[in-house]
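Asks: As a plain string of letters, each chain reads:
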Amino acid sequence: MNYLIYSIEDDKDIAHIINVMVKKQGYQIETFYNGKSFFDTFYQKKPNMILLDINLPDINGLEILKRIRSDVSNDDIDIIIISANRLVIDKVDGLDLGADDYIEKPFDILELMSRINAHVRRFKRSRIIQAGNVIIDKDAHIVKKDDQIISLTSKEFDILALLCENKGNVISRDIILNSIWGNGSYESRTVDMHIKSIRNKLNDNDFIQTVYGVGYRVRV
Amino acid sequence: MKRRITITNVLILFCSSLLLLLSFFFFLYDFNLKNEKQEIANYLNIVCEVYDGENNEQVGEIIKKIDNSMRLTIIAKDGQVLYDSSVNGELESHLERPEIVNLGSVSYRYSNTLKTKMLYIAAFDDGNYVRLAIKANDINRIINSMLIVELVVFMLLIAISSYSINKISKKVLLPIKQEMIKLGTIVGDNSDYYADNINVISNNIDHIQKLINEKVESLEKEKNKINFIINSLQQGLVILNEDKNIVLINDYAKKIFETNIDIIGNNYLYLVRDKNIQEKIENVYQNKQVDSYELKQNNSTYLLTFAPLGQEWLDDTNTFGISIIIVDISGIRNVEKMKKEFFANASHELKSPLTTIIGYQQLIANDLISDEEEKKKAINKTLKEANRMNNIIKDMLDIARLEGDIKRSYSKVDLKQIIEDTLDLYSQEIKENHLVINKFLTDTYIIGNESDVTKLIKNIIDNAIKYNKKGGKINITLTPYELIVEDSGIGISENDLKHVFERFYRVDKTKSKEMLGTGLGLSIVKHICQTYNYTITFDSQIDVGSKVKIKFK
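So the protein lines, in turn, are chains W and V.
For the first sequence, numbering that gives the first Met the number 0 begins at 0 and goes up steadily by one.
For the second sequence, numbering that gives the first Met the number 0 begins at 0 and goes up steadily by one.
For the record, the hints were derived by calculation from the structure and aren't laboratory data.
Don't take each hint at face value.
[To be verified] Simulated crosslink set (BS3-like; lysine-lysine; CA at most 27 Å straight-line):
#1 Lys457(V) with Lys411(V)
#2 Lys350(V) with Lys23(W)
#3 Lys508(V) with Lys22(W)
#4 Lys181(V) with Lys209(V)
#5 Lys11(W) with Lys375(V)
#6 Lys181(V) with Lys23(W)
#7 Lys383(V) with Lys11(W)
#8 Lys457(V) with Lys497(V)
#9 Lys383(V) with Lys22(W)
#10 Lys546(V) with Lys469(V)
#11 Lys510(V) with Lys11(W)
#12 Lys468(V) with Lys376(V)
#13 Lys465(V) with Lys350(V)
#14 Lys374(V) with Lys23(W)
#15 Lys64(V) with Lys116(V)
#16 Lys550(V) with Lys411(V)
Use the sequences and the hints to build the structure in full.
Replies: Now the structure itself:
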């Protein structure tokens with residue numbers, strides 16, 4: 000399983016324990032003992048999840064949290080706070096600042112593992128998108144219709160994934176353009192052409208609906 | 000006083016009457032004399048008319064008929080008495096007689112011959128001196144008899160006037176006497192005697208004035224004393240009456256409510272701006288029950304207690320006032336805050352080892368550690384952390400004990416012995432780390448608490464060993480009354496130096512954990528020094544070592 004966890008914990012024993020547990024679950028884990036060493040690596044390679052201790056020697060864990068959450072590109076990183084602070088206010092602060100979960104020390108390692116697994120599952124669910132009889136696996140980069148693999152180009156894949164993720168909702172051409180191609184001036188007709196190609200390959204003209212003057216929509 | 004009035008009156012009466020009488024007598028006397036003189040002069044004129052120089056006896060007869068007591072004397076120019084109607088025989092020369100010398104003027108004198116006062120007058124007529132003499136009126140007799148009558152009348156007058164004056168003055172003086180008796184009572188004098196002397200009134204009034212002054216003075220002093228006491232209180236005091244007006248307020252309270260003006264008599268709303276406090280006051284007026292409020296102001300916390308005052312204090316109307324007492328409880332709240340912090344810190348510190356213990360045990364219990372070597376390590380770690388927790392709890396209890404006000408026993412403490420014993424205790428660690436101990440110990444005894452001094456020394460030596468380098472050295476110097484422990488350890492940076500005595504402060508958390516450190520060692524040392532008034536200095540340099548100096552006196 001391709002799941003990377005970063006653990007930031009200055010107590011070597013606790014870090015070791017978490018390490019052992021996580022590895023046993025089959026995830027990848029890297030441990031950092033302070034904020035600086037964490038950030039040095041973080042900007043090189045981003046993880047799927049961060050286990051964050053609040054009482055670090057060089058920086059307050061909540062500062063790290065704030066910094067990470069200030070960048071929207073980190074939005075799909077799950078952050079679980081592991082802290083000795085047990086006051087409700089600390090939990091509230093942590094969660095309000097963008098943490099996805101909060102667990103107190105001393106913790107039951109089985110509980111910790113269950114929570115981590117729960118977050119992984121949710122993540123996984125978001126990696127597989129289903130719309131009607133179409134299943135898209137983002138990790139495997141496969142599209143299946145009625146269990147038959149459909150071959151799409153990279154851009155086609157992305158567009159289909161975007162529409163299926165937001166099935167039932169209209170996505171405008173501009174949004175599609177920006178999400179898939181990013182900024183820059185592109186011919187808006189490009190989108191139409193890609194949609195046409197997708198429809199062809201799926202052999203289903205009704206799967207993606209055209210909402211005139213607005214955009215495209217995958218039917219529910 | 001009444002006597003004086005009476006006497007004075009009588010005296011005046013007497014004198015004026017006397018004067019009157021005397022002047023009357025004098026006037027009478029004078030008048031009488033003048034009359035007699037005139038009379039005899041008149042007679043002389045008549046005699047001279049009748050006398051022709053020779054009819055002596057005839058004239059004598061005539062005057063005898065006029066007045067029996069009249070006496071005629073004819074004297075010749077040479078003084079020889081030619082005729083005398085009263086006396087026969089030879090008479091001496093009368094030339095020298097004043098009436099002869101001063102013809103025409105009446106001479107009034109006592110006559111030896113006739114043994115009575117006589118009036119004499121003479122004239123020169125028809126060649127001879129004609130002299131008349133007549134007995135003077137015995138005016139004295141009249142006066143004398145008059146005098147007696149006067150005297151009697153006078154006595155009567157005096158008696159009557161004395162009596163009436165007495166009576167009247169008594170009546171007039173009675174109220175005054177009563178007042179004076181009253182005055183006398185105030186002054187403390189109860190004798191009746193004083194009530195008659197009017198001088199005493201002014202004395203008494205002076206006395207009373209003095210009394211009043213003294214009373215006023217002592218009242219002033221009392222008032223000042225009470226004011227001083229009230230304003231010296233280290234608590235605030237405000238009293239409100241039934242109309243919610245301020246009756247009394249001391250300086251402390253004025254300071255708390257931040258007012259300087261004279262607000263006595265004004266409604267409390269002039270003093271109290273805080274709506275919460277206003278509400279409390281209104282509640283007490285309503286419910287007649289004690290209430291309190293905590294006021295946070297200027298980094299301090301004050302406890303305000305509101306109590307209804309019984310009516311006996313104010314007056315006898317069926318209403319009551321309120322007393323507000325303000326006490327500074329910042330100290331208490333501070334201590335509470337520190338305790339809370341300590342507990343929070345402590346529980347925090349205990350959570351880490353607990354997490355480790357639970358974690359490792361769970362790994363083992365769930366068969367998540369397969370490697371035997373790893374398992375052993377995990378078990379050892381668990382034990383170590385359990386021990387560390389134990390140490391932390393022990394140290395925390397020490398600190399709690401030091402902070403508490405427990406009776407401490409003092410005895411003679413042998414510092415040298417304690418150091419030796421402590422080094423024995425650590426002999427294992429010293430050997431393992433190949434540490435060299437240099438001792439320069441002189442016998443030193445102090446009066447102190449043996450257990451706490453031992454703790455102090457143990458913690459210092461513990462640090463010197465824990466944070467030393469392998470093969471390092473420790474120099475221990477003991478002199479009366481100073482202990483110096485110097486180590487060649489890893490030292491502490493300047494930055495960390497200021498925090499070294501803080502509770503649970505560790506420079507290197509990992510190293511401290513390894514050494515089973517609690518983070519409380521130096522905190523305990525500091526506490527002990529503070530409790531027993533020892534001075535402590537701590538120097539350190541990174542990589543060079545640390546030096547701790549304790550002065551026991």
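Asks: Please go over all the hints and tell whether each is borne out by the structure.
Replies: Verification of the supplied hints:
no. : hint                     : verdict
1   : Lys457(V) with Lys411(V) : 18 Å, holds
2   : Lys350(V) with Lys23(W)  : 25 Å, holds
3   : Lys508(V) with Lys22(W)  : 26 Å, holds
4   : Lys181(V) with Lys209(V) : 17 Å, holds
5   : Lys11(W) with Lys375(V)  : 17 Å, holds
6   : Lys181(V) with Lys23(W)  : 113 Å, violated
7   : Lys383(V) with Lys11(W)  : 14 Å, holds
8   : Lys457(V) with Lys497(V) : 22 Å, holds
9   : Lys383(V) with Lys22(W)  : 25 Å, holds
10  : Lys546(V) with Lys469(V) : 18 Å, holds
11  : Lys510(V) with Lys11(W)  : 11 Å, holds
12  : Lys468(V) with Lys376(V) : 24 Å, holds
13  : Lys465(V) with Lys350(V) : 23 Å, holds
14  : Lys374(V) with Lys23(W)  : 15 Å, holds
15  : Lys64(V) with Lys116(V)  : 21 Å, holds
16  : Lys550(V) with Lys411(V) : 17 Å, holds
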